[in-house]
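Peer 1: Listed below, chain by chain, are the residues.
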Amino acid sequence: MSTATHADHHDHGHPTGFMRWLTTTNHKDIGTMYLVFSLVMFFVGGAMALVIRAELFQPGLQFVDPGFFNQMTTMHALIMIFGAVMPAFVGLANWMVPLQIGAPDMALPRLNNWSFWILPFAFSLLLLTLFLPGGAPASGWTMYPPLVLQTGNAFPFLIFSIHLMGLSSIMGAINIIVTIMNMRAPGMGLLKMPLFTWSWLITAYLLILVMPVLAGAVTMLLTDKYFGTAFFTAAGGGDPVMFQHIFWFFGHPEVYIMILPAFGIISEIIPTFARKPLFGYSAMVYATASIAFLSFIVWAHHMFTVGMPLAGQLFFMFTTMLIAVPTGVKVFNWVATMWRGAMTFETPMLFALAFVFLFTIGGFSGLMLAIVPADLQYHDSYFVVAHFHYVLVPGAVFAIMAAVYYWLPKWTGNMYDEKMGKIHFWLSAISVNLTFFPMHFVGLAGMPRRIPDYATQFAEFNAIATVGAFLFGFSQLMFAWNIYRCAKGGKKATAEVWEGSHGLEWTVPSPAPHHTFDTPPVVK
Amino acid sequence: MSATRTMVLKLVALTAAMFGFGFLLVPLYEVFCDITGLGGRTSNEAVAEVTIAPDTDRLVRVEFMASVNSNGPWEFRPEVSSMMVHPGQMYTTTYWARNMREFDIVGHAVPSVAPGTAARYFNKTECFCFTEQKFEGLEGRDMPVVFIIDPDLPAHVQTVTLSYTFFDRAGVASAAAPPSALQ
Chain V
0 MSTATHADHH DHGHPTGFMR WLTTTNHKDI GTMYLVFSLV MFFVGGAMAL
50 VIRAELFQPG LQFVDPGFFN QMTTMHALIM IFGAVMPAFV GLANWMVPLQ
100 IGAPDMALPR LNNWSFWILP FAFSLLLLTL FLPGGAPASG WTMYPPLVLQ
150 TGNAFPFLIF SIHLMGLSSI MGAINIIVTI MNMRAPGMGL LKMPLFTWSW
200 LITAYLLILV MPVLAGAVTM LLTDKYFGTA FFTAAGGGDP VMFQHIFWFF
250 GHPEVYIMIL PAFGIISEII PTFARKPLFG YSAMVYATAS IAFLSFIVWA
300 HHMFTVGMPL AGQLFFMFTT MLIAVPTGVK VFNWVATMWR GAMTFETPML
350 FALAFVFLFT IGGFSGLMLA IVPADLQYHD SYFVVAHFHY VLVPGAVFAI
400 MAAVYYWLPK WTGNMYDEKM GKIHFWLSAI SVNLTFFPMH FVGLAGMPRR
450 IPDYATQFAE FNAIATVGAF LFGFSQLMFA WNIYRCAKGG KKATAEVWEG
500 SHGLEWTVPS PAPHHTFDTP PVVK
Chain G
0 MSATRTMVLK LVALTAAMFG FGFLLVPLYE VFCDITGLGG RTSNEAVAEV
50 TIAPDTDRLV RVEFMASVNS NGPWEFRPEV SSMMVHPGQM YTTTYWARNM
100 REFDIVGHAV PSVAPGTAAR YFNKTECFCF TEQKFEGLEG RDMPVVFIID
150 PDLPAHVQTV TLSYTFFDRA GVASAAAPPS ALQ
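As they're listed, the protein sequences go chains V and G.
Mapping of the first sequence onto numbering that gives the first Met the number 0: position 378 corresponds to residue 377, and the numbering continues sequentially without gaps.
Mapping of the second sequence onto numbering that gives the first Met the number 0: position 155 corresponds to residue 154, and the numbering continues sequentially without gaps.
Wrong hints could be hidden among the right ones.
What the hints assert, rightly or not - Among chain G residues calculated to face chain V with C-beta under 8 Å, some are:
id, residue
1, 22
2, 26
3, 154
4, 166
Simulated from the structure, these hints should not be mistaken for lab results.
Note that the coordinates shown come from a computational prediction; the quantities given were computed from them, not determined experimentally.
Even for Gly, the Cβ is constructed at its ideal location relative to N, Cα and C.
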């Protein structure tokens with residue numbers, strides 16, 4: 000095949016085996032490594048979630064002691080956020096952004112290699128704390144002082160691993176911005192860019208604006224613990240509540256970092272399978288930008304219970320509710336895109352549809368949490384757990400899975416097993432609701448989050464959630480198996496892959512050759 | 000490639016600036032809280048004694064609370080748990096504190112006023128919280144607070160709570176303690 004000789008020609012003289020992956024500067028290789036790394040972390044973090052769910056299957060203490068339970072909730076969150084969801088999106092950006100804008104590679108290929116290879120070290124540091132005396136960090140991923148300052152030997156490992164993750168994210172973000180701003184094919188104006196690229200441009204700016212603030216906050220924790228500063232120690236004139244403000248100044252944009260690329264993915268997939276152009280392209284771009292802007296002025300809705308004056312509560316409540324407007328525009332546009340479309344329901348489309356439906360449920364529970372008088376009741380209850388898992392699992396994670404099924408034929412040149420994909424979808428969609436929907440009920444009834452034991456009236460719903468969680472967890476093995484099989488072989492994919500596909504990435508052959516767009520395509 | 004270089008430098012500068020901004024949030028937070036009295040922040044400095052005509056028609060309940068940080072064993076309590084006061088009139092009350100360890104220690108009380116919106120109307124002319132308090136081993140003593148409620152206190156506030164948390168002076172206690180006392 001002509002594409003194979005083309006690729007072979009360029010690979011000539013390159014290292015093979017492990018050295019190839021260690022030294023690669025190719026955006027496709029690095030994208031693949033990010034995605035594989037994220038899948039591994041998804042299973043590690045998932046195993047921790049199953050420890051949590053196993054313990055909560057029945058009231059009372061069954062399997063683990065409360066200290067280890069707290070380590071599991073903390074590590075599950077850190078690994079899923081920084082190890083699974085964020086690297087998966089960066090991996091997708093590495094693979095798809097250059098293909099979508101007609102660039103030969105990322106703008107800074109060596110930096111790209113480095114930003115990936117920091118991650119295995121960061122997560123080794125974090126996971127090694129499980130074997131330290133005193134165990135892993137157990138103060139929750141939000142790391143509130145003074146509790147987090149009581150962490151034992153794991154504390155400096157936690158801080159430095161977060162520094163490394165932040166460094167990796169910032170370098171990745173710089174790379175993506177420079178690529179998008181400087182390397183678009185001739186004729187590819189900003190408002191002609193595919194929405195996945197658009198959402199990543201905005202996400203990358205969010206990363207640059209908030210990851211350094213997180214780095215600063217954890218540095219302050221570090222100096223408070225070891226160097227006698229008193230940023231958050233009241234005895235020295237500091238204020239622990241200030242940490243919450245700084246943390247959530249990072250933390251709220253962070254949740255959009257985890258969802259904006261998902262919006263971009265869904266905006267690619269729905270038009271393909273509805274066989275219609277996206278409804279309201281520029282509205283989508285402006286909605287994404289508005290959400291990004293609003294994310295900076297809503298942070299204190301995470302901390303309504305710290306004791307805030309009425310004016311502050313009202314401000315953060317109304318700005319939070321305002322986010323529903325651009326988000327509503329997006330959901331409307333997705334539905335309008337499907338309206339009278341010639342829809343087919345391949346696996347990526349199924350995941351995208353589930354995303355629209357289930358993410359909206361998560362959005363609505365978010366609106367409930369935004370209401371201050373209600374939040375005082377919901378705060379730190381399982382209702383919050385239900386809310387953010389709805390936006391993160393059938394939200395961000397389903398979007399990532401949709402993206403993987405959607406672009407996998409382009410990456411591997413083979414079609415995945417459609418039947419297995421559909422079974423994976425239905426098992427995931429059913430079990431995810433089985434897991435997280437009952438959490439709304441127990442939360443409203445008063446079950447607090449981050450506890451290993453609970454009152455007996457919550458037993459049935461917790462048992463259902465645990466069954467759902469195990470079903471969801473083991474269904475994902477099917478996802479991994481399908482990807483593996485597809486990488487090894489299968490029905491050959493065409494360049495277009497999907498009947499309704501559109502955009503530059505579908506003009507290159509499948510699998511995408513090692514080097515693409517050596518001469519820039521012209522976009523009309 | 001100079002376009003790339005310029006852009007990278009700008010983005011790196013933006014990153015550095017945001018790292019700095021994270022630390023800038025600390026003084027900004029202090030200033031914001033001091034001006035607004037948010038978070039129950041009450042002035043840790045004596046106000047000059049001014050003679051204001053007391054508002055004898057109005058009575059406000061002032062409650063006193065005392066708590067001890069987990070760092071060290073202190074006995075710490077207010078002399079009275081509450082007082083009815085007229086805004087504009089000066090009152091004195093005391094807190095009792097005792098060092099329950101056998102060695103010298105320096106303590107520090109951090110005040111807080113609730114509701115937060117009342118914080119800036121709570122003026123202290125004399126307070127043990129203004130300075131560090133040195134205690135000899137097992138020493139106990141009464142410590143005075145002299146305060147005036149500003150007559151401008153919003154009418155809907157009928158109760159003001161003054162709360163102190165007593166700390167070992169940050170970072171000093173464990174270092175100063177003789178090894179035998181650390182068990």
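Peer 1: The structure should be examined with respect to each hint, and the outcome stated for every one.
Peer 2: Okay, the hints, checked on the actual structure:
{"no.": "1", "hint": "22", "result": "holds (5 Å)"}
{"no.": "2", "hint": "26", "result": "violated (11 Å)"}
{"no.": "3", "hint": "154", "result": "violated (16 Å)"}
{"no.": "4", "hint": "166", "result": "holds (3 Å)"}
Hint compliance for this structure: hints 2, 3 are broken, all remaining hints hold.
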